Every structure is written in structure tokens, then in C-alpha cells.
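A.B. asks: Chain by chain, the residues:
Number of protein chains: 4
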Amino acid sequence: MKIGVVGLGYWGPNLVRNFLGTEGVNAVVCCDIQKKKLDRIKQKFPMVEITSNLDSLLKRDDIDAVAVVTPVSTHFPVGMKVLKAGKHLLLEKPMTSSVGEAEQLLEEASRRNLVLMVDRTFIYTGAVQKIREIIEKGDLGEVLYFDSVRVNLGLFQHDTNVLWDLAPHDLSIMSYLIDVEPVSVSAIGINHFNGVEDMAYLAVRFPRNIIAHFHVNWLSPVKIRRILIGGTKHMVVYDDMEPSEKVKVYDKGINLTSEESVYKTLVQYRMGDMYAPQIEQSEALGLLTAEFISCVKSQKPPTSDGVLGLGVVRILEAAERSLRAGGGAVNLEKAFSLV
Amino acid sequence: MKIGVVGLGYWGPNLVRNFLGTEGVNAVVCCDIQKKKLDRIKQKFPMVEITSNLDSLLKRDDIDAVAVVTPVSTHFPVGMKVLKAGKHLLLEKPMTSSVGEAEQLLEEASRRNLVLMVDRTFIYTGAVQKIREIIEKGDLGEVLYFDSVRVNLGLFQHDTNVLWDLAPHDLSIMSYLIDVEPVSVSAIGINHFNGVEDMAYLAVRFPRNIIAHFHVNWLSPVKIRRILIGGTKHMVVYDDMEPSEKVKVYDKGINLTSEESVYKTLVQYRMGDMYAPQIEQSEALGLLTAEFISCVKSQKPPTSDGVLGLGVVRILEAAERSLRAGGGAVNLEKAFSLV
Amino acid sequence: MKIGVVGLGYWGPNLVRNFLGTEGVNAVVCCDIQKKKLDRIKQKFPMVEITSNLDSLLKRDDIDAVAVVTPVSTHFPVGMKVLKAGKHLLLEKPMTSSVGEAEQLLEEASRRNLVLMVDRTFIYTGAVQKIREIIEKGDLGEVLYFDSVRVNLGLFQHDTNVLWDLAPHDLSIMSYLIDVEPVSVSAIGINHFNGVEDMAYLAVRFPRNIIAHFHVNWLSPVKIRRILIGGTKHMVVYDDMEPSEKVKVYDKGINLTSEESVYKTLVQYRMGDMYAPQIEQSEALGLLTAEFISCVKSQKPPTSDGVLGLGVVRILEAAERSLRAGGGAVNLEKAFSLV
Amino acid sequence: MKIGVVGLGYWGPNLVRNFLGTEGVNAVVCCDIQKKKLDRIKQKFPMVEITSNLDSLLKRDDIDAVAVVTPVSTHFPVGMKVLKAGKHLLLEKPMTSSVGEAEQLLEEASRRNLVLMVDRTFIYTGAVQKIREIIEKGDLGEVLYFDSVRVNLGLFQHDTNVLWDLAPHDLSIMSYLIDVEPVSVSAIGINHFNGVEDMAYLAVRFPRNIIAHFHVNWLSPVKIRRILIGGTKHMVVYDDMEPSEKVKVYDKGINLTSEESVYKTLVQYRMGDMYAPQIEQSEALGLLTAEFISCVKSQKPPTSDGVLGLGVVRILEAAERSLRAGGGAVNLEKAFSLV
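Residue numbers (the working numbering), protein chains in the order written: chain S, 1 to 339; chain C, 1 to 339; chain R, 1 to 339; chain D, 1 to 339.
Source of the hints: derived by calculation from the structure; they are not laboratory data. One or more of the hints may lead you astray.
Any copy will do: because identical chains look the same in the list, a pair fits if it lies in one copy or spans two.
What the hints assert, rightly or not - Below, in silico cross-link-like pairs of lysine-lysine (DSSO-like), each with a Cα-Cα straight-line distance of 30 Å or less:
(1) Lys137 - Lys81
(2) Lys300 - Lys37
(3) Lys130 - Lys81
(4) Lys81 - Lys37
(5) Lys223 - Lys81
(6) Lys59 - Lys130
(7) Lys130 - Lys35
(8) Lys44 - Lys233
(9) Lys81 - Lys233
(10) Lys44 - Lys2
(11) Lys297 - Lys223
(12) Lys137 - Lys59
(13) Lys297 - Lys36
(14) Lys35 - Lys223
The structure displayed is predicted, hence computed values, not measured ones.
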């Protein structure tokens, strides 16, 4: 199988490297409008083909699937071209810059029986897989909250703000771990340099008082990647900057006790041990490319991933609306269904 | 000078201990309605006097000043009694449970020429003093944001939610460090256990796109006490859980560059060294009691501290309104002025 | 019961404070030759009695026991005086500056049926108690090694080097955890400033290839307090600088496999989870003073503690000999027995 | 220029990857006796040539230089073959398994005017370069000690013990940073599993009471890579496990004061700020291969690196002798000189 990779900026070369190492991939054809980037990828991986012509790449019969790693605003037009050329599609996150675009891509992929996958790398990490396993076993009890901080001195993007740039990672993790449909979104964003928002706070409300909150920031002197998940039985801290022990499970929880009097304690804390489960170390991106190839081979179209990608875009779009309106809550419409 | 301490719950004994060690204090008289608490303080500090009768304590001529460390809802009635008895007043944070109450206390203290100080312990720590020094020297440049996380597995309070319990610390630090009047407040709070809010997110907006954000939480498995302060020249991380190196100053900043083309970078990051200044280790509470005694002696009434305490209450009251209304922004009225 | 505390330098006041809070202690009499130190303790704890006359203190019938917290070189003469006056004795670590002195004190205490306890505070910490519990349950398997680092920018002592100053803590912990008699000792010490050794490395060998190693240092810019304990089944990291999670137990071990060929792997690593047990937070020194009072009351003389204190002095004395001789191994003589 | 790489075990493929990315390298020819390893490298880097015949590789005129990444015991015979074939030589650390072998290789390279470089990767890291810069500026003052801990759950080696496996890294760093000839070596090693030593402590003494100490360990549950360097003016902590801030410089030092009396303090500590300089992030191995190619091109034979590699072997050989003799100090003979 031959794979096309369109867009060779920061992330594209990582996909090229991983596709080259994925079983079942015979060749990778790289495409970019900038000759400099093509030369660089050729120097790094002399066995790849390069081209600056997307249309001719899409006309080739020997190419089965295409990964699109271009700026967000081009995801829709380029992705649609890829699907209309009958190729399976792997889209970089966020899926598109609007819900409408995401829905059109999903419909097109569905009609043509093509795989549409969104690059949600973090889902494939050993850490997130382990947390999901813990939640599914019921070890956390009822999930109470999800609190994420993803801040660093980051590259300012030009066609997108910090919310669309950084939050998709954590929104993907959230929707992978919390199996409930969110109901509303509110966001505050600040633009210090007359351009796009460089820091933002995002809250997502669920039924039963579950809340998820996100701090994304391009202006932090330190790199923090930490998610707290509170449950009634146990609580989890996922710190991606820890060299080992990325996931810690705390045997701490809260028990409701019968309210004896207004002045008596209504809740009890349970303090206990902490344990840090061993985490699988495989490169997440390699697992993702492998799953993409496997889906393409088995003609299992379209995977639910596209729908989850749409869910992330739906939240981002609502967040953008809240942000523009001063931070009030924006209700989420019903989720898109392919049925 | 003799000092009364009213309320001997969690924090009161710390004030007793520090007053006992403050120069100029001859004796401490402890007052609580629970006999058990009086016995315990007597056992710990055999040289203190104890009484369960507040009125008789306030009638004594040999007592110059009284510290009130009772639950928040009683700060106003007890504090007013103290002032009306002609005693100087040290109030535990938060000052009162409403702006109206705080204003009445300030007016009473002003009319009677009495000192009214609010226990804002953190202001007196070596760390916050050092950060203020750095900001005043202009080392941070323009302050861009203030982001605070104060979370732990905390004792649920009964007469107050997590916002009124934990946020006063960070709001005090914020108003001590950012010398600009805030303009609006928004807050989200979650109540998981049918009582008061146990976690909350609070945003305070300032002119010139400065923002302060606070995460306070009684349900976190880990204790985090971290403040990020972003400036145009340098950035600060204040991590109160670090045994040494609580304050780190990063030589990282952002330079605006002229926009040459749509695709050129509009901002430039400056990466550089980090340094961790040596921090004074004295106990903050001891410095606070010393300043209170010094104010009382010099008859320097009323200190600005009461006004700053009012500022904190004003933000908390607005936050509470935003929280009840679903998180939209609430404008802050003009600050109280004694003139 | 009344307790005398002799020596009010750095550590003495901590003992005073803890004795004041120990059930069964009615009064504490403080003794020091420096009037300044007596004044300071009186100011801090107004209920203590003070005296600069040791002999008169020892003559008093109302004093049952005396804690000696003077410089090491005086432990023997002062301690012997205390015992000869018929008082129970609590000695600061290290017990004495020679094995001969320690043995004489033990004999005197034994003859007079008096309690002789050595202040081995760390043994009473929740962390060391928990590790002992883990080892006793057999969770570690065979202990392979004990590696301790205790370094900081420390106060230079005048009558003792860094080995006698810092190593007693870790030697106490070691002998509390490893229930095997050590066989030899070697030590390297460096004296950078024409006085006493300011850094040292100490190795203690046991039968069955068990080794304990200690790095003690007054010249380290950072404070490190970390002990690694390797076992065949699990391994422990005890980091006393961690605010919570001081003890971590790693499910990592080594299995011997049958040697199939010279080139096959002879050992197998077992990787797995880590857990951090909850640690009791009580102040260790308070538990020690409580145990001392309880021993005195029950007339349980002399506790094994004195013998363990002697074991530490025996290792230090051998280490000193090795250090002077260039670092070669020095065999330990048979341990002292009271039988 | 074409480069041969002999030995494709754990480290060899890293050298292949870096040589492929080094300017001036046209092709890499890989050689191993195991066909499986040749297949694996071909799959990963399809542009390399592979061969299992070392002799034919050495006969080729188009190959200018050869990197030898085989087990230590074969460094001498394979390295000598390479030199006798007239090829420049890059040897994996440690250089050889004896001083005699290292000297013969150096003589051969010198006679034939060939480059002989030893792979001392750590020297090329931004962290070590920065520390050297700090020392050369005189910022540390007089170096007092060098203390290194390199422990982890490591792969047991079969033809070498933990000392020869891990200590060369830190001995290279030490000799790169401390510009004084060491005088003696002592070592303790423990063999828990009837094979080779799996943990060891090594001390290297210098004139003027400078000491270097090394703890290397294959049985540690946690990975520690930390070097403390004490100086009279400043002190350095180099923690290679820190994601950023690997090097911290402490403004703490010790001042000698005139000895006024036996009881006065003889040394004074100076406490102050800490700073963490920005560290260059380039891959060290890439810098090393680039320097090797540059030496070969400029015919600058033989670089001092071989002599430094010999210095490391000299210490290891003396350490081995001390270890076998029970840990006493072994004097180092005069260093080899090419003059």
C-alpha cells in the first residue's frame, strides 16, 4: 500500500517516519507547495517520493490513502478533494474549522465507504489507555471532574488561536474517557498581541454536575501537561512531563454520610495509598498509523473516529461563540449521527 | 499590651502562638464558646488566660486589641462588637460575607480611629514579598496574566463554599501584586454533594487585557499551590509546595515584531536562563502579628489592609453572583473609598 | 514526673517542646552553662524552670530522668554523672565518641537498673516504620543493598566531623531495617578546610554480599535525603524531601534464571507498578519522648536502644580507623552483649 | 566519504542514524556477524549497505573510516585490524579492556597518522559544555568535589561489570571538567548473582584534596543521573533526568574565616540565588560524528580523545585492582604520553 502525506511542516515528517515504519506500507509520497520542505524530507528519508502537485498525486491509482497535515483552514478543501478522489483520509487535528465542514466530510466519506480518521495521537498513548482501563473497571467510581492544564511557551499560530491549537488534544482525551454527552460550553480567551487568543480557559458541562475544565496557554514559561480526574472512589493524576510514573492513582475519595445535623460533617474523606501502574511505552503515533492502515485494509469505513473528531469541533465552535460573547454558557446541539 | 483572640478552631491557636512571640504583647486572652477548645489551648499555652464570655472580655480596659478567628458568617457581628467596644480589630480572611458588612466595619473603624486589619498571611511570606520586589523593579515588564491553582483534599466547610474558603489567599496575593483595579468577574462552581460548591473556577478581568484566573478545589488528590505570572519581559512561577526554590524567574518573554507578511511570525519568543532568588524564611504570620501590634501602638488607623480586604470581598460577592447566574461576566462597582 | 534537659543548643529546645507535650510529664527543668540560651528557652516556654548548675539539678529528688543534648565529646562525662545520680538517661545521638565510653554507660545503667535510651528520632518516623513493616512481611525478598545519601549545606561542627554528625541517622535506620550483624567497614573522608572532614563515603559490609553505603556531606548546594533499598522481590525509595509520598515501593526485581549458555541472559528483570503507601504523620520526636517516659514509668531498664546506639558507635569508630588508614576495610569486633 | 559501522547491537544503530545525517558522509556500510541485525538495520535505513564480512569491508578503498561498536573485549582486536587497514577509527566506550591494549592502539594510530576517537557522547551534550564554560570562567572557584550517581534497572552485561559499563560516561565527564591528573583510585563492587559486579562505588583522589566519587548500579528501581560539583564560589547540580533545567548553579559557597577561637565558626556559608542556564538541545551524538568526520577530513591525527579514553581505561583498570583487593587505594601510574 502506498500512502500520500500532504503538508510537511512541523508534524508531517513525524507521520512520514511512522508510515515508513508501519507494516503494510510499501511507499510514502510526500507533497508540499514549498520546495524547501520537500528537499528536507527527501534528505531525511531518501526513500520517499516527493511532489509539489496535489492533483497529480490524487490521480495516481497506486495511492490508497492520504494523510492531510496542512493548516486547519485547509483541512476541509484538501480533505474533500482527497475523498472525492476516492482515497481514504487521515486528517490532522482539529478535524476542520467548523462543524458544517466536519459534517460534510463525514457524509462524503460515508457515501463513498472510505475511512476517515482524525489524528488523535494522545488516545493511543499507554497513559490514556491505562486510565481508560481503570475507569472501565469502575475503579474511579463516579467521575466528578476532569481538569486539564496544557501550557508552554508555544509557537503562535496564524490561522488559529490557542484554543483550536492545543485544546483538541485534551478534548479528545476527555471524550475518550468520559462516556457522557456534554451539554454546554463556556470559554474565556485573551489576546495580548492584537492577533489571535494566546491563552484561554474552557469549561465543558455534563449532566450530573460533571465538569471538564481546560487551561491552554502559549505564554507559560514552564511546560505543564497535567490532567486531574476526580472520582468518588479514586482519583487520577496524569502528568505527561513525568519521565516514568505518568499516571498516579490515589486511593482517596469522598463518602457521603447521612446528614445528622447542619453542623456535622456531610462528607468524609478517605485517605490511602497511591499507586502508579506500569505504562506501555510504544510511540502513540505508530499505533495510530497502524490502526489507520488496518482500517483501510479491512475496509471498515468510516470509523467512529471521524464522529469523535466532529464532537471536538462542535465543542470548539461553541467555545469560540462563548468566547466572543464574553464567556456565558453556550448549549451544545445534538450530536451528529450517521444513521 | 494585652490581646484577645476570639475563636480557637483550626487557625486561632496559630494566632495565639504568634501573639505570644510578638514583642510588645504582654498577655493573650483566649475566648471561645466551646469549653473543650479553651481547655486545649490552656494545656498548650499555660500562660494564656481563657474565658467563654465575649462581652466581659470586651469590657476589660486592659485589652487593647482583639483578633476574630470565628466562622465567616460571624465576622460582621463579632467584629462590630469589638469595634464598638473601642478595641482595634484583626479579622480572619475573608473579611466578611458581604460587601455591605465590610463597608460598615470600615466606616466604624474609621469613625473611631481604630486599626482594622485583615489576616492576609500570604502577603507576608518571603516568596510574595520577593515577587512584588521583582515586579516593582520592572523586571517582569507588563503583566499579562496571573494564573493560580490552589487545590487539595480539603475540609469541607459548612457555612461557606470553596470559593470563599480558598480564593481569598490568592485574591489577596493578586491585588498585592497587580496594581490595577479589576473590572469584571466570572465564576463557575460545582456542587457535587448537595451542599456547597466544592470546586470553582474564577476569572477576574482587568483593563489592557490583563486576566487573573483561579482554580480552587476541595476534591483534588494532590496538593497544588502554584501561581504563574506572565510578563512581557520575564515570567514567574511561584510554587509553594517546593521545599526551597519557591519562586522561579524565567528569562523568557515575547517580543512583538513588525508584521512583514501574513505568513511571517508576528511574535518572537525569547528563551533564556532561569533563576531562583533566595527567599526569606521567617514565618509570615509572625510578621503579620508584629505589624498589627506596631499599627496599634502608632495609632495609625485604619490601615489600607481593611480596604484591600474589602476588595477581596467585592470580588467574591461578584463571583458568587456570576456563579449563580451561570458564569457570565459581572461588572465590579467602583471600589469603596474612605474619603 | 519531672524531666531535666541539659544542653539548649540547636536540638535541645525541640526536646523541651516535646517533653512539655508528653503525657505524664509535669515539669521540665532546663540546664545550660550559657545564660543567653536559658533566657531564650524561658521566653519561648515560660513554664519551664531554668538553671545553670548541673550538679544541683542532679541532686534534686523530684527529677526522675534527664535528657543530655550537649556536644558529643561531653556525652560520656555528663551521661555518667546522670546515671550515678540515679536518673534515667536519654542521650542525643551519637551516643558517645568511643565504643569504650558507650560500654561503660551501658554497664552503669544496667547495674543501676536505669533506662538508657539514645535519641534515634528517624526510627520513629512513619516512613521508617512503614519500610520495616514491608520488610518484615517479606515483601522485599532478600535485601541486596541499602544506599543512603544525606547531604546539604550544613553547619560545620567543631568537635566532630561530618561522619559522626550525619551518619548516625542513617546507621540507625540501617540497623533497624537490616537484621544482620555487619562484618566490616570502610570509609573515605575529605577535609577541605584544614579542620574536620566535611564530606565522607562510608561502606558497611554484611554477610551474603549485602552492602550498605552512605554519602554524608556538609558542602552540598541541595538537600538530599534519599535511601534506596534493593531487594530480590521489590525495591524501596525513601525520599524524606518529598512532601507526601516519602516511601515508594517498586514492583521491580531480579530473577535468576538457569544459565543456558555463556551468551544468554543470566538475570531477568521484572518491571511493574509502583505504589506509595500512606505514611503516619505524627512527629517522630514526640513518639520518642513518649516511649522514653513509658519505659521510665514501667522501669523497663535498660532498653535495647542503648545497645543499638552502641552498634552505631562501633561502626563509626571502625569507620574513623578506616578513614585514617586510607580507606581499607576494617573488621568489626563482636557486638557488645549485656549477658 | 564512506563510513563503516561494525556492530549493530544496542548502540550501533544510533551511530548509523547519526552518520547518515552528518554532512560529508555519502554512505554507511554496516557490518555484523548476525544476519538478523543486518536485516533489521536495512529495514530501518534502506539506503545503507550491509555485509557480514569485516575483512572484505576493511579491504575496500572507498571506506575512509570505521566505527567499532562491538563488545568491549573485542575493541582491541577489531580496532587494531581497522587501523592496520589504514582506516580512521571511532571506538565505542570504554576504549579497551586494558591499559596495554589502549596504548597499543594509540601507538598504531599515531604511527599511521590516523584519527582515533573514543565515543564519549556526554562530553558533547549542551549540559556538560555549559558546565565546562562555567568552570573555565572561574565561576565555581576551586573545585572541591565531583559526586556522580548513575543508577537504574539496567541490562546485565556478560563480558563486563557495571563499573566498565556505566562509569566510563562519568569518568569522561569528570576528566573533561577537572583539569588535574588523578593520583589514586579505590573501588568497592558487589556481585549479588554469581556473575559480574552489578553495583559499585568508585573514588578517585586528586591533589589538593579534590575527590570524585561514583555510584553505578544496575539494580536501582529508579533512574538517577545526577552529578554534584562543589566549588568554593558556586556549586553545580547536573540532573540529566530533568526535562528542562538540567544544570543548576547555586550561589552558595564556603568562605574560610580567620580562626579567632577554638569555639568560633571556622567556615562561613554564603547562601544565595540559584540560576539555571539555558542549555543547547542538539543531539550530542550528532555533534560527535560531525567532529569525527571533520577530524578525518582535516587529517588532524590523532586527537587527544584517544588519550582521554586511555585515561578512563587507566582508572577502570586501577579500580578493578582495588575492587579485587578489598577496596584499598591503588595509585595511578604516570599518564601515557605520545611525545
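A.B. asks: A separate judgement is required for each hint: does it hold in the structure or not?
C.D. replies: Hint check:
no.: 1; hint: Lys137 - Lys81; in the structure: neither (42 Å within a copy, 57 Å between copies)
no.: 2; hint: Lys300 - Lys37; in the structure: neither (33 Å within a copy, 36 Å between copies)
no.: 3; hint: Lys130 - Lys81; in the structure: neither (37 Å within a copy, 51 Å between copies)
no.: 4; hint: Lys81 - Lys37; in the structure: within (22 Å within a copy, 42 Å between copies)
no.: 5; hint: Lys223 - Lys81; in the structure: neither (37 Å within a copy, 49 Å between copies)
no.: 6; hint: Lys59 - Lys130; in the structure: neither (42 Å within a copy, 53 Å between copies)
no.: 7; hint: Lys130 - Lys35; in the structure: neither (42 Å within a copy, 37 Å between copies)
no.: 8; hint: Lys44 - Lys233; in the structure: neither (49 Å within a copy, 37 Å between copies)
no.: 9; hint: Lys81 - Lys233; in the structure: neither (49 Å within a copy, 45 Å between copies)
no.: 10; hint: Lys44 - Lys2; in the structure: both (19 Å within a copy, 17 Å between copies)
no.: 11; hint: Lys297 - Lys223; in the structure: neither (39 Å within a copy, 41 Å between copies)
no.: 12; hint: Lys137 - Lys59; in the structure: neither (48 Å within a copy, 62 Å between copies)
no.: 13; hint: Lys297 - Lys36; in the structure: between (33 Å within a copy, 28 Å between copies)
no.: 14; hint: Lys35 - Lys223; in the structure: neither (33 Å within a copy, 44 Å between copies)
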